[in-house]
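**Student:** Quick mapping for you: the protein sequence lines, in order, are chains A and B. The first sequence begins at 1 in the numbering used here and counts up one residue at a time. The second sequence begins at 1 in the numbering used here and counts up one residue at a time.
Worth flagging that the hints you see were computed from the coordinates, not collected in a lab. There's no promise every hint is true.
[Said to hold, decoys possible] Calculated cross-link-like contacts (lysine-lysine; reagent style DSSO-like; alpha-carbon spacing at most 27 Å):
#  : chain 1 : residue 1 : chain 2 : residue 2
1  : B       : K451      : B       : K356
2  : A       : K512      : B       : K108
3  : A       : K414      : B       : K211
4  : A       : K513      : B       : K211
5  : A       : K417      : B       : K211
6  : B       : K496      : B       : K451
7  : B       : K512      : A       : K410
8  : B       : K510      : A       : K410
9  : A       : K513      : B       : K451
10 : A       : K410      : B       : K211
11 : B       : K211      : A       : K512
12 : A       : K47       : A       : K65
13 : A       : K65       : A       : K29
14 : B       : K512      : A       : K414
15 : B       : K510      : A       : K513
[As the list claims (entries may be wrong)] Computed footprint of chain B on chain A; a stretch qualifies when at least three of its residues, placed anywhere within it, have a C-beta under 8 Å from a C-beta of chain B:
#  : region
16 : 187–196
17 : 227–237
[Unchecked claim] Computed from the model, here is a short list of chain A residues facing chain B with C-beta under 8 Å:
#  : residue
18 : N32
19 : S35
20 : T36
21 : L37
22 : W285
23 : E412
24 : K417
25 : F455
26 : G520
27 : P523
28 : D526
29 : L535
30 : V544
31 : S550
32 : G563
33 : F566
C-beta atoms are modelled at their ideal positions from N, C-alpha and C, and glycine is treated no differently.
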Amino acid sequence: MTINGIIEIVFYCLIVLLLIKPLGLYMAKVFNKESTLLDPIFCPIEKIIYKLCSVNSREEQNWIKYTQALILFNFIGVVFLYIILRFQNLLPFNPCKCSAIPADLAFNIATSFASNTNWQTYAPEGIISYFTEMLGFTVQNFVSAGVGIAVVIAFTRAFAREQTENIGNFWVDLTRSILWILLPLSFILAMVFIFEGVPQNLNSPTQIITLEGKSQTILQGPVASRESIKELGTNGGGFFNANSAHPYENPTPFTNFLQLIAIFLIGAALTNTFGRMVKDERQGWVLFSAMAVLFLIGVIITYYFESIGNPLLKDLNINGNMEGKEVRFGLVDSILYAVVTTAASCGAVNSMHDSFQPIAGMIPLINIMLGEIIVGGVGVGLSGMFLFAIIGVFIAGLMVGRTPEYIGKKIETKEIKMSVLAVLILPLCVHCFTALACVTPFGVKGVLNSGPHGFTEIIYAFSSASGNNGSAFGGLNVNTFFYNLTTGLAMLVGRFLIIIPTLAIAGSLVRKKIVPPSNGTLPTTDLTFVFYLILVIITVGGLVYFPALSLGPIVEHFLMINGKAF
Amino acid sequence: MKRKSIINTKILRQATVDSFLKLNPATLIRNPVMFVVEIVAVLTTLFFILSICNIVKESPLFVGQITAWLWFTVIFGNFSEAMAEGRGKAQANSLRQTKTETKAKLLKDLESSDYKLLPAEELKKDDIVLVETNNIVPGDGEIIEGVALIDESAITGESAAVLKQSGGDKSSVIAGTRVISDWIKIKITSNPGESFLDQMISLVEGAKRQKTPNEIALCILLVGMTIIFLIATATIEMFAIYAGTHIPVTILIALLVTLIPTTIGGLLSAIGIAGIDRLVQHNVLAMSGSAVEAAGDVDTLLLDKTGTITFGNRMADEFIPVTGVSELDLADAAQLSSLSDETPEGRSIVKFAKDKYGLRERNLAQLNAEFIPFTAHTRMSGVNFEGNEIRKGSYDSILDYIKQKTNNASFQVPHDLIQAVERVSKSGGTPLVVTKNNQLLGVIHLKDIVKGGMRERFQELRQMGIRTIMITGDNALTAQAISKEAGVDDFLSEAKPQDKLNLIRNEQSKGKLLAMTGDGTNDAPALAQADVGVAMSSGTQAAKEAANMIDLDSNPTKLIEIVAIGKQLLITRGALTTFSIANDVAKYFAIIPAMFYITYPELGALNIMKLNTPYSAILSAVIFNALIIIFLLPLALKGVAFRPLGAAAMLRRNLFVYGVGGIIVPFIGIKLIDMLVIFLHLV
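All chains, full assembly: derive it from the sequences and hints.
**Tutor:** This is the structure:
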């Protein structure tokens with residue numbers, strides 16, 4: 001660990017911290033339909049969209065209608081993307097002459113992009129046409145992020161309103177999150193990327209002769225426009241296979257830093273939006289603090305183990321573990337990226353998590369396994385945090401001698417039922433699919449490394465898919481029928497079987513009266529609660545993975561200390 | 001009142017028998033966590049038999065011990081429920097005993113005088129029974145004819161008999177009480193099995209008990225955690241297969257049982273029953289478990305001023321003489337005028353004169369004095385002796401009296417007397433003016449005396465976040481003065497029953513939960529509307545039916561204890577849940593290294609407790625898991641120590657004790673058991 005490295009990490013945290021309030025305020029205005037600077041541009045467009053789609057923007061929906069709209073929208077999105085992928089050879093903007101995608105892979109890709117996972121089992125360059133990139137992937141990158149934001153805004157309204165059925169209008173929330181938030185931010189970021197050298201064109205690949213006199217094909221395309229939403233919408237799916245380690249996706253340390261900020265930006269600011277909408281900003285800061293503490297613990301552990309490097313190579317006098325890392329970025333930028341991208345459900349990578357030291361590689365895995373609630377995917381990360389807060393408040397509320405309430409809303413059977421269901425889905429999905437892969441020949445066949453490392457690769461893959469992260473540990477051949485099908489299912493389950501109970505909770509909470517706080521009310525705005533919430537996340541969300549982790553990275557670590565590496 | 005000790009051989013014996021009877025899966029399924037333990041215990045029993053027959057290659061000694069401890073886990077869980085039930089039942093049975101032995105004298109109708117004898121439990125609603133001297137009241141009911149002195153000590157423990165009569169607020173009688181003089185005719189108000197007592201008994205019987213919504217929610221959480229750990233342990237086998245090994249089923253089961261929340265699962269219903277039982281110990285009958293929980297939630301207490309906050313009778317507090325009259329003279333006159341005054345006010349004047357001025361009581365007969373009693377017409381009382389006429393009464397009546405006696409319509413009242421009267425009125429007191437031979441002596445300050453310690457109790461309540469509102473029929477000025485002195489947060493003056501109801505609705509619309517006590521029929525609507533309505537057992541049937549708790553002692557102050565019991569119930573539940581979940585950390589560190597001992601001996605690094613052998617580690621974790629239920633049982637039955645603290649302080653404290661403690665205790669416990677297991681050569 002170096003002073004420089006620590007300064008960079010601190011500097012990064014400070015910038016994110018500074019951006020939370022202004023963006024949080026702006027987003028609160030957008031969803032409360034207060035006037036903003038961008039109204040003159042987007043209000044007319046918004047009206048046209050509603051007119052075209054015959055949406056009555058004044059009509060509000062109860063949770064069931066809201067969920068139905070959300071599911072319908074995503075279903076159409078999956079089908080639309082699937083069709084594009086299956087017929088991209090017939091569609092325009094295909095200078096590379098990419099052929100149609102096979103059915104199992106197309107299913108996997110479609111669910112992957114619609115669920116904000118962006119899990120990629122293939123090298124996109126050369127097999128995905130520009131048309132698919134733009135109308136398929138980029139569109140899904142925007143709308144899947146918009147859906148996530150809509151979910152958390154609907155959830156927030158459940159606390160802000162009382163004794164009503166309605167949690168908002170899905171179409172309005174989706175449209176406004178895309179027009180007012182995602183589009184302008186992506187546009188600015190894309191412009192900066194272009195200035196920094198990220199390509200943005202529709203050219204066919206350029207053939208060049210290298211200095212060594214060999215021929216090389218330079219692939220390019222509309223990269224910058226997808227790169228910006230890839231980070232901002234915590235999508236993570238790359239234009240190139242190497243993702244953000246590729247010089248066209250991430251050309252300079254400056255773009256790397258911007259990407260890191262973009263990944264956390266909206267998710268972190270939503271905590272403030274939430275606080276403002278429930279009229280108590282501290283409620284948002286408490287959730288953010290819990291996220292921040294967990295994040296920093298992860299960064300410190302990863303940084304520590306990566307800077308020590310492999311103890312077996314101690315005699316070679318290598319500083320830190322540079323295997324699988326892009327030398328342009330070095331150690332700190334790589335570990336920071338790894339922790340940020342998994343904490344936030346982004347899944348963009350600029351180094352190979354597979355090559356991290358066992359314990360360092362375990363941190364990204366744990367980040368995903370906890371449900372990506374450390375900032376998390378835009379919207380869904382925060383709503384995942386609510387689930388833990390609800391379970392936590394339930395037990396803590398009992399400990400102060402009252403039937404529990406959170407932000408003035410009583411937490412009762414229905415909320416607990418749905419929270420437990422939502423929290424249950426992820427470990428259920430991860431364990432079952434991993435177990436299946438462990439004992440079936442198709443599962444084991446994909447594993448490229450032996451021993452506990454191979455096991456980590458399998459469980460990382462299913463955690464990433466179920467958690468809608470999309471990053472790959474690597475070392476696992478997943479473009480097979482078995483993995484395309486299982487990870488595809490895991491992505492759908494991990495996305496929608498969590499969103500549905502989450503919205504059900506919103507529907508139940510919004511009906512309740514707001515109970516005014518008293519001295520006897522459990523305070524959810526102090527340090528004790530932050531500490532307590534972290535404990536709940538670790539015990540309720542994390543403990544269950546302990547046996548699996550001990551068979552993966554933990555035992556690998558002890559084996560390595562004893563001189564056995566994989 | 002006498003508290004029952006936790007251990008009682010008879011209850012203990014019954015509970016032991018019950019804990020085996022409760023192994024019946026049909027009843028155990030109500031407790032899903034323990035049900036899972038029972039299923040896996042059956043499985044390991046099977047494995048034990050197979051290992052004895054050498055069909056599976058596992059050590060029968062080890063499998064046998066694990067099996068035994070799994071069964072113990074279930075039995076301990078059952079035992080704790082049975083213990084709680086036993087204690088509650090013992091309490092209720094002693095109440096019920098009288099009832100079953102009672103014969104009722106059933107009348108055909110109100111007019112008839114011949115009755116037929118039948119057992120009390122066969123009485124139905126609307127039956128009319130005759131209860132005569134020394135008979136026991138056969139069922140809850142309402143007096144429709146007659147007056148009787150009733151001994152309620154069997155129910156309330158209060159030795160003083162109470163007078164009950166038909167009509168008004170003193171008409172209801174409780175089964176099990178005894179008529180000690182005269183006779184009454186009662187109309188029975190509940191069917192067999194529906195009386196307060198019956199409801200009470202069913203509340204403390206685990207099998208019939210309805211789970212409260214909060215218990216159901218907690219249960220769902222526990223079931224969720226059980227499912228998660230079920231999946232996590234079941235999949236370990238597949239992961240192990242991938243790692244090229246195999247984990248014996250017994251060990252997987254051991255891990256599962258130690259991870260699922262058996263501690264709280266085993267104690268949950270005991271906690272609920274014990275909470276209700278604690279209420280019974282305070283002589284309060286609750287109509288449902290949720291009412292007890294609601295008591296913990298209450299934000300606002302509505303307390304009647306009279307009898308709850310103040311003693312109910314105004315008492316002399318000060319003698320204020322006019323200029324030229326000594327305090328002693330005034331006291332002397334006041335005392336003389338009150339010697340035969342049997343009203344509480346009169347007695348308090350005599351007492352005050354004695355306490356403060358050392359004036360002994362005198363015998364009016366010896367003084368040859370004539371007592372003038374208070375009448376509604378004169379509105380004053382007094383005494384005539386040796387030609388002296390002393391009168392005391394309200395300012396207006398005394399003034400009229402003097403004007404009439406002296407025939408002086410323009411009688412001048414001393415200025416300082418007017419001032420004294422005004423001062424007393426403003427402070428919420430009642431001024432009594434004393435005159436002797438038409439000369440004004442001064443003013444007696446009669447005051448509503450606030451009960452000792454109330455101020456502190458209200459302060460405690462405030463710390464817990466509970467507001468108190470005083471309800472009184474007094475005018476606003478008086479109400480304000482008393483509420484200030486008692487330290488209540490707010491008051492409702494000149495309150496009519498409708499105002500009370502409106503106040504409750506108004507507070508409830510703000511999301512608050514209210515508790516109140518009441519005894520009269522006119523309290524019934526408010527009692528029904530309040531979230532926690534406590535009826536006095538001396539109150540009317542209507543009040544009792546509207547309420548969700550009944551205080552057998554008829555002590556309105558008890559509302560405060562009821563709130564504390566409700567809170568304690570919830571805290572105990574939360575604390576033991578936290579403890580149970582926190583325990584898992586240590587169990588992982590005991591079992592995981594042992595589990596993979598053969599494939600990955602390197603995981604021995606996680607054996608931070610330095611447990612001796614893999615088998616001793618697993619066995620110790622399972623033993624700890626079973627024994628902790630028994631160790632925590634007294635805590636579950638007594639409830640965790642409750643102190644009136646703010647929520648933030650309370651959370652910090654309980655989180656430290658039960659959260660951090662829950663992480664540390666099993667490390668020590670498992671280590672000690674491991675040493676013992678090795679010492680006894682159990683593995």
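**Student:** Are the hints correct? Go through all of them and say.
**Tutor:** Taking the hints in turn, this is what the structure says about them:
{"no.": "1", "hint": "B/K451 <-> B/K356", "in the structure": "20 Å, holds"}
{"no.": "2", "hint": "A/K512 <-> B/K108", "in the structure": "52 Å, violated"}
{"no.": "3", "hint": "A/K414 <-> B/K211", "in the structure": "15 Å, holds"}
{"no.": "4", "hint": "A/K513 <-> B/K211", "in the structure": "24 Å, holds"}
{"no.": "5", "hint": "A/K417 <-> B/K211", "in the structure": "16 Å, holds"}
{"no.": "6", "hint": "B/K496 <-> B/K451", "in the structure": "24 Å, holds"}
{"no.": "7", "hint": "B/K512 <-> A/K410", "in the structure": "12 Å, holds"}
{"no.": "8", "hint": "B/K510 <-> A/K410", "in the structure": "14 Å, holds"}
{"no.": "9", "hint": "A/K513 <-> B/K451", "in the structure": "37 Å, violated"}
{"no.": "10", "hint": "A/K410 <-> B/K211", "in the structure": "18 Å, holds"}
{"no.": "11", "hint": "B/K211 <-> A/K512", "in the structure": "22 Å, holds"}
{"no.": "12", "hint": "A/K47 <-> A/K65", "in the structure": "22 Å, holds"}
{"no.": "13", "hint": "A/K65 <-> A/K29", "in the structure": "24 Å, holds"}
{"no.": "14", "hint": "B/K512 <-> A/K414", "in the structure": "21 Å, holds"}
{"no.": "15", "hint": "B/K510 <-> A/K513", "in the structure": "8 Å, holds"}
{"no.": "16", "hint": "187–196", "in the structure": "violated (count 0)"}
{"no.": "17", "hint": "227–237", "in the structure": "violated (count 0)"}
{"no.": "18", "hint": "N32", "in the structure": "23 Å, violated"}
{"no.": "19", "hint": "S35", "in the structure": "32 Å, violated"}
{"no.": "20", "hint": "T36", "in the structure": "33 Å, violated"}
{"no.": "21", "hint": "L37", "in the structure": "37 Å, violated"}
{"no.": "22", "hint": "W285", "in the structure": "17 Å, violated"}
{"no.": "23", "hint": "E412", "in the structure": "6 Å, holds"}
{"no.": "24", "hint": "K417", "in the structure": "5 Å, holds"}
{"no.": "25", "hint": "F455", "in the structure": "6 Å, holds"}
{"no.": "26", "hint": "G520", "in the structure": "3 Å, holds"}
{"no.": "27", "hint": "P523", "in the structure": "5 Å, holds"}
{"no.": "28", "hint": "D526", "in the structure": "6 Å, holds"}
{"no.": "29", "hint": "L535", "in the structure": "7 Å, holds"}
{"no.": "30", "hint": "V544", "in the structure": "5 Å, holds"}
{"no.": "31", "hint": "S550", "in the structure": "5 Å, holds"}
{"no.": "32", "hint": "G563", "in the structure": "10 Å, violated"}
{"no.": "33", "hint": "F566", "in the structure": "12 Å, violated"}
In the structure shown, a violation is registered for the earlier hints numbered 2, 9, 16, 17, 18, 19, 20, 21, 22, 32 and 33, in ascending order.
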